[in-house]
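Colleague: If you want this note's numbering, it's the position in the sequence shown, counting the first as 1, plus 17.
Be aware that one or more of the hints could be misleading.
[Claimed, not checked] Below, simulated SDA-like cross-link-like pairs (lysine to any residue); rule was C-alpha separation at most 20 Å, straight line:
1. 188 with 178
2. 188 with 177
3. 188 with 176
Rather than coming from a laboratory, the hints here were simulated on the basis of the structure.
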Amino acid sequence: QVAASVPPASALGWRAMFGDPRLQRLIELALENNRDLRLAALNVQAAQAQTVVAGAARLPAVGLEGTHTRERALDSGGSRSGAGAVSQQTGLNVALSAFELDLFGRVRSLSDAAFARYLASQHGRDAAQITLVGAVAEAYFAQRLAGEQVQLAEQTLADWQQSLDLARLLK
Numbered sequence: 018q019v020a021a022s023v024p025p026a027s028a029l030g031w032r033a034m035f036g037d038p039r040l041q042r043l044i045e046l047a048l049e050n051n052r053d054l055r056l057a058a059l060n061v062q063a064a065q066a067q068t069v070v071a072g073a074a075r076l077p078a079v080g081l082e083g084t085h086t087r088e089r090a091l092d093s094g095g096s097r098s099g100a101g102a103v104s105q106q107t108g109l110n111v112a113l114s115a116f117e118l119d120l121f122g123r124v125r126s127l128s129d130a131a132f133a134r135y136l137a138s139q140h141g142r143d144a145a146q147i148t149l150v151g152a153v154a155e156a157y158f159a160q161r162l163a164g165e166q167v168q169l170a171e172q173t174l175a176d177w178q179q180s181l182d183l184a185r186l187l188k
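Can you build the whole structure from these sequences, using the hints too?
Modeller: Written out as structure tokens, the structure reads:
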């Protein structure tokens with residue numbers, strides 16, 4: 018089917034894109050502990066189950082049941098001495114449940130709609146995962162940028178302080 022040819026969002030290579038081990042660990046923690054992502058994964062499983070159920074309606078249900086019994090009758094004295102008669106009974110039941118001929122495509126359309134809902138929920142989960150990875154990376158880089166800006170401001174302040182001290186010495 019189509020879903021088999023599309024790689025999951027987890028395989029899109031965020032690890033290769035973000036080489037910083039600290040950022041990778043933060044992303045892993047976010048993916049493991051995000052409730053929305055877990056809910057999206059559960060929605061995918063539910064949609065997949067509905068797809069299986071809808072697809073089953075397209076095929077007739079066939080049942081097969083077999084039984085076999087063997088009995089030894091008691092002899093005239095009421096004991097099982099081996100002189101009693103042995104009777105065997107074998108049965109086989111085959112059942113075909115009610116089956117709707119899909120002349121106008123109603124059952125097939127329902128099955129196709131269930132499969133489309135499954136794909137949509139799967140892509141929704143992938144989008145949620147990609148969004149989460151992006152949000153964690155954006156917050157991480159914003160924090161790193163802020164740290165660099167603080168360091169730059171401190172260095173600039175130290176340079177200005179040194180320039181002020183030199184200007185005072187020259188007076």
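Colleague: Hint by hint, say whether it matches the structure.
Modeller: Hints and how they fare:
1. 188 with 178: holds, 16 Å
2. 188 with 177: Between residue 188 and residue 177 the Cα gap is close to 17 Å, so the pair holds against 20 Å.
3. 188 with 176: holds, 19 Å
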